[in-house]
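Residue numbers (this note's numbering), protein chains in the order written: chain Y, 1 to 288; chain W, 1 to 288; chain G, 1 to 288; chain E, 1 to 288; chain A, 1 to 288; chain Z, 1 to 288.
It should be emphasised that the hints constitute simulated quantities derived from the structure, not laboratory data. In this text the structure is predicted, and so the values were computed from the model without any measurement. Careful, some of the hints might be misleading.
If several chains are the same, the list does not tell them apart, and a pair holds so long as it fits within one copy or across any two.
What the hints assert, rightly or not - Under the rule of at most 30 Å between Cα atoms (straight-line distance), these lysine-lysine pairs were calculated in the DSSO-like manner:
(1) K6 with K169
(2) K169 with K211
(3) K243 with K211
(4) K194 with K6
(5) K6 with K243
Protein chains: 6
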Amino acid sequence: MFTHMKDLQFEAKPDGPDAAFARRLQEILGGKWGEMTVANQYLFQGWNCRLPGKYKDLLLDVGTEEMGHVEMISTMITRLLENAPLALSEAAEDSPMVGAIYGGSNPAHFIHGGGGALPVDSAGVPWNASFITASGNLMADFQLNVTAEAQGRLQVSRLFNMTDDPGVKQMLRFLLARDTMHQRMWLAAIEQLKEDGLEGMPVPEAFPDSKEFEDFGRTYLDFSPGNDAAEGAWASGPTPDGKGEFRYDHSPRAHAPEPVLPPGDPRLYGTNPSGPGKLASKVKSAVT
Amino acid sequence: MFTHMKDLQFEAKPDGPDAAFARRLQEILGGKWGEMTVANQYLFQGWNCRLPGKYKDLLLDVGTEEMGHVEMISTMITRLLENAPLALSEAAEDSPMVGAIYGGSNPAHFIHGGGGALPVDSAGVPWNASFITASGNLMADFQLNVTAEAQGRLQVSRLFNMTDDPGVKQMLRFLLARDTMHQRMWLAAIEQLKEDGLEGMPVPEAFPDSKEFEDFGRTYLDFSPGNDAAEGAWASGPTPDGKGEFRYDHSPRAHAPEPVLPPGDPRLYGTNPSGPGKLASKVKSAVT
Amino acid sequence: MFTHMKDLQFEAKPDGPDAAFARRLQEILGGKWGEMTVANQYLFQGWNCRLPGKYKDLLLDVGTEEMGHVEMISTMITRLLENAPLALSEAAEDSPMVGAIYGGSNPAHFIHGGGGALPVDSAGVPWNASFITASGNLMADFQLNVTAEAQGRLQVSRLFNMTDDPGVKQMLRFLLARDTMHQRMWLAAIEQLKEDGLEGMPVPEAFPDSKEFEDFGRTYLDFSPGNDAAEGAWASGPTPDGKGEFRYDHSPRAHAPEPVLPPGDPRLYGTNPSGPGKLASKVKSAVT
Amino acid sequence: MFTHMKDLQFEAKPDGPDAAFARRLQEILGGKWGEMTVANQYLFQGWNCRLPGKYKDLLLDVGTEEMGHVEMISTMITRLLENAPLALSEAAEDSPMVGAIYGGSNPAHFIHGGGGALPVDSAGVPWNASFITASGNLMADFQLNVTAEAQGRLQVSRLFNMTDDPGVKQMLRFLLARDTMHQRMWLAAIEQLKEDGLEGMPVPEAFPDSKEFEDFGRTYLDFSPGNDAAEGAWASGPTPDGKGEFRYDHSPRAHAPEPVLPPGDPRLYGTNPSGPGKLASKVKSAVT
Amino acid sequence: MFTHMKDLQFEAKPDGPDAAFARRLQEILGGKWGEMTVANQYLFQGWNCRLPGKYKDLLLDVGTEEMGHVEMISTMITRLLENAPLALSEAAEDSPMVGAIYGGSNPAHFIHGGGGALPVDSAGVPWNASFITASGNLMADFQLNVTAEAQGRLQVSRLFNMTDDPGVKQMLRFLLARDTMHQRMWLAAIEQLKEDGLEGMPVPEAFPDSKEFEDFGRTYLDFSPGNDAAEGAWASGPTPDGKGEFRYDHSPRAHAPEPVLPPGDPRLYGTNPSGPGKLASKVKSAVT
Amino acid sequence: MFTHMKDLQFEAKPDGPDAAFARRLQEILGGKWGEMTVANQYLFQGWNCRLPGKYKDLLLDVGTEEMGHVEMISTMITRLLENAPLALSEAAEDSPMVGAIYGGSNPAHFIHGGGGALPVDSAGVPWNASFITASGNLMADFQLNVTAEAQGRLQVSRLFNMTDDPGVKQMLRFLLARDTMHQRMWLAAIEQLKEDGLEGMPVPEAFPDSKEFEDFGRTYLDFSPGNDAAEGAWASGPTPDGKGEFRYDHSPRAHAPEPVLPPGDPRLYGTNPSGPGKLASKVKSAVT
């Protein structure tokens, strides 16, 4: 169960309007790596978490904080949309900057949203829940959370270089710091999982090694001419888990012949090798 | 530029048909964490990679291999779809197993695909390219690749427990091993990036610390009653990058007042505080 | 800013597992009219609301409550997924009921979600944010909210008839009651908007009547043979806003001739009437 | 069965081209609340309607009219796309207005559509059928239809303020009037449903009150500090259906303890409390 | 402008209910190649058609007919949904056939649609408008229309083999015939376009041959070992347009060196070859 | 199994940057008719092809080539994105051309892709796999492949007219030629299928004529006033397959009465004709 404070976690007030930047800021609200993603991802991971205590608490705490970030960025976007050029005549009468804003803005902000933030990305594509994963395996998911915060902070740092507005930059400074914290936090949580003896790498650790073809589990297969990739730490030396040594296969071979499919069910009217000629006999000999 | 071998990287032949399992296997073909995702993700990361040499080679090699996995799983699915019950009458006349297959299969396999694999997930939703990211920052993307292989191997291991077919299990053993290798590989590549002095954590390392609010970069904010989360490695002690100490804030405060938005552009016909009464004056005093 | 309570707003515990019903319950979690929709819709409407005070508070309060409903239903689904048949062999060995569960369940619950709830609808299609609207006009949006709660309660009442599980039914009773309250609430809020002199019907009331073709604003156009529709309250008598009388046009006429488009830009290589014959001259005379 | 007149219901001819406005006009063609939505929504509601006579006729008549609106707006958009700047050189050589048109237009209009209208919204996202609902319950659906026409008219009125073109404005005047009529019509139809004794509020009226927790059906739950929402008509006084009185709960409580999930099926390799330590025993005591 | 007849173009009445087949039939209503696709595709092609007269008339006539097919199939589906098992208890108590129907049906038919047809495909994914194309070039589009009718008839013929219901089969016989007619019609229209001197192959015929690399326009490039493809009519002999001869290249070569990208804008924080070592100098020499 | 060459099939180097054109070029990378579509479509058709030999080889060869086109266009786009204006200040300080580029570019190229190509279309919508079809029937699919290459070449030819950059035009010349070859090739393959006696038209040829209503298979139904369509080759004369003569029906009639649906399952709470009045009795008499 949630409660809501009317105050914001951090100030979200630009010094001036900029509808083109409002569109860009949508990426960290409703884009694949935006705040709607991390909020929902951590909450679903938390709700599905079968470990009561610190891990579940961690997931639900941070998911709850991210809901407050959605709120901040929405507020910022709505304020950036003030005084926007609505018509071509406004865009052209004024400075070239107004023309660039007109061209660079998202018309749906005005037609659909009435001058308010939308749950979409910087292209105007709606957020969707395939962006989030809650797999039930905390090691796999914490790895995902690391990259989610890394991708998110990367995007915020790019946006930081796309505006001169001091008020916007102030909020981005806060978001950058939280993304820093959250990267650190998920990395620490990965270590904690190992320390607690709950999960390790490779995921899922509980799947027995003996059931997979172990040799393929440490061999780099080089599918292009040239040996550049052989210079990397993934081509020789110990694997990160210390369980063996990497190997390098310069010319990986195919392990199975060309697949020949049997004729399909005639009730499906696919093209089958049914004629009297060469094709049909070739199939017959290959399938039997 | 690519070339194609007619042989398969590994055998993809079930011992018998099972249309319901064919539907399930689609998850690792056309699902969020399936082979279409890793193939395209690594190739796009490779094409966008600005570092010639081992990293670019690594990305394109592995992306190319994954295309061959798409091929193997497609072939397996098509073979699993043989002899499927097409009609309710077939489903009901036969054993309960046939009824369960009928109910558990994806009708589009037959109506749209004519008995062949589809580029969709286990629910029948088409694969889409928002599943992949190529951010230009290799540290962020290698972290993503770690989780992609972890999520992928997790799904394969679950599917391994959902079938008794020896031929299917044989192919899954191969895929499990390659996912093991790929997890190891991306972890090694992360270390290599650090060693080469190219990238570190938090991402992006090049963004100057001084421009963010550093204190927020190491403080856990506890948004729920109770202190479970305080027991974790993310709540105290050194941060994973060794640059400071985690701190724990038991009752995080709001840093900005309730946001009050100014009246909107009247040409957009939003609901504005325009009447003579209490609401309008409250707004006026808050905004000015 | 939000905070989270660890307790649930209401109990979400089934008496027994039922993976097929878990799939069905997803509709009110991640479907178009599910809890993710109302939670996000009310929150976005609240964040974009330009009226401080009771309306903004209403929207954010109820959006916050709905987040807690997402939590409850997620929890219920995860519990319903316990002990599910993972493989065809399990489905077929057991009772016909197990076969029906196998066929009627969503495989992604296990392969992707590891036995946990997913942010998808009953077909397995991910929730997306085009389901929500925050138009900035409270009258338009409160009307949407009425139907959202009506569609939602309709779906819950149908699900109530699709299960015999006492624990599930108990939670649905709670949700039914909240949907009842919320329908009443949005209807009351519509009246309040009128009373406060902020908005009326038709939306947007502020658009001047004189700028539209008023006669078309009260005339029913009958586009089919027969007069059944003429029997309705929309065909004669006063309009609901009392501003005029409905009229009925039994054979609406076209007001403009067949549109003839000019030849397109030749650089776009569309098919243009460019030959020497009849088509080209017909176009030329029509366009000029 | 349908027939088609070659003439248009109303003239759709701009005085001049404006490719940027053409993009904006797409919102009411292929956007969530555009003409494709209402046309298909009313037709599906009509086809699924189990009441022969005036209601079914109403739905199918108006759906048929809306198909004619799709036609009008398509025609208008195609005409607005004439003489558009195709290349950057054209955009930059000419006036700033041409640059703004270039930036503000949708390139797919030319590359994909060859200078013709597309079934997409103002961002270029394709229309999809999740925008429509035909629930089988006419009260729920007529409420949806009211907001569809309200949202639609709101968007048209905004577009009216985004252009100076007299020909465009003429068509919008017609659409505004029809949206006015349709709002009135659906409101009248709601009253007619009540009068005919077919449906009432809350939806579905036929679900027995006694099966829900009635007290929760009239209580406002305040999930934030402060009492602004208590000032509204939804917080006290009679409910709109006159069946009771609203109540206000200033500090709603949780009715169920923190949910503790049992360990998951080990074949799914989720993270389970399986270790010898504190976590596992905490789970065991909570679950049993 | 359209009008609607209340009668159906052809009878759409099954002899009995079958909710699992209703789900399958959705493929030709709301699937990629279903009736919603052809109806909307032909109408958009017609509205965007710049040739008044027979071609525009053809497109709009057939699009209008297809709207009537949407109506017929919707009606059929709604009737097939009668008496469906709503609950697991019903599915299990009854015959195995009822269990198979339960598992093989789409729950949204009942929860969302109230027992009525939905605008979705056989997996439950909503129809979307990216399924249709109106390119402005009639030759390209008529080719698309040929395949649309071919794919459509293929699906109907498969569905014909998936049911024993005489009433359903009767309607499918009608649809099969119309799809036959429409395939014939679009093939005839392609010939007519050529005869009228409006378009030819390859599309777009108006693009000057001299501006492309003509040799690449007739050479088969063999990207795999083995010469099977050399046996086809595409490998030697005259091209279908008679403008030249096919050629076969057994080992196509790359025409450009490995691409080396310059360092990216540092404000975007991508991984750049900026260190002092080998990588950076390799880049520098390659780019300059 | 695939291998990768580091070299490009053809040079992909612009003479200068142009971020607005980069966005436009995305249409042939990640749009419906772009290279991702043809690559995946041909590969899936090949993997599902049940005819070993020349057809399967053809499909897999060409699919493999198209993967190399994805690579080329990605590389070109990344190079076109160099030196782009990231901020409004840059856009406005400079020439109007920079403003037009700013407005006409896709911000996600920078925020999400870090200056690299994205798997999206020119509007920024991600590619999805519903764009591809592999039906199992080679005649239906080769027809689709013809139009895919026709639509593709049409788009490339339009893009050719949207840029003055010699390097870009050079690559487009190559793509145009390959699209020419591929159109010719699929047309030849259609003839080959007929010659080999494998498939004919209408698709599927194997469905027995006698099972459809043959008369409807050759009759043009004119659903609009006027006779323009009667002038076409589809209205009279022999059908393309020579099996009969087209006929023209000037006023097609409905073959079934208005459908009347029975009352729905009361457990679904749809609106049923249950009252004592006129509606209910009308239904009763119609249904029985």
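Enumerate the violated hints, using their earlier numbering and listing them in ascending order. 5
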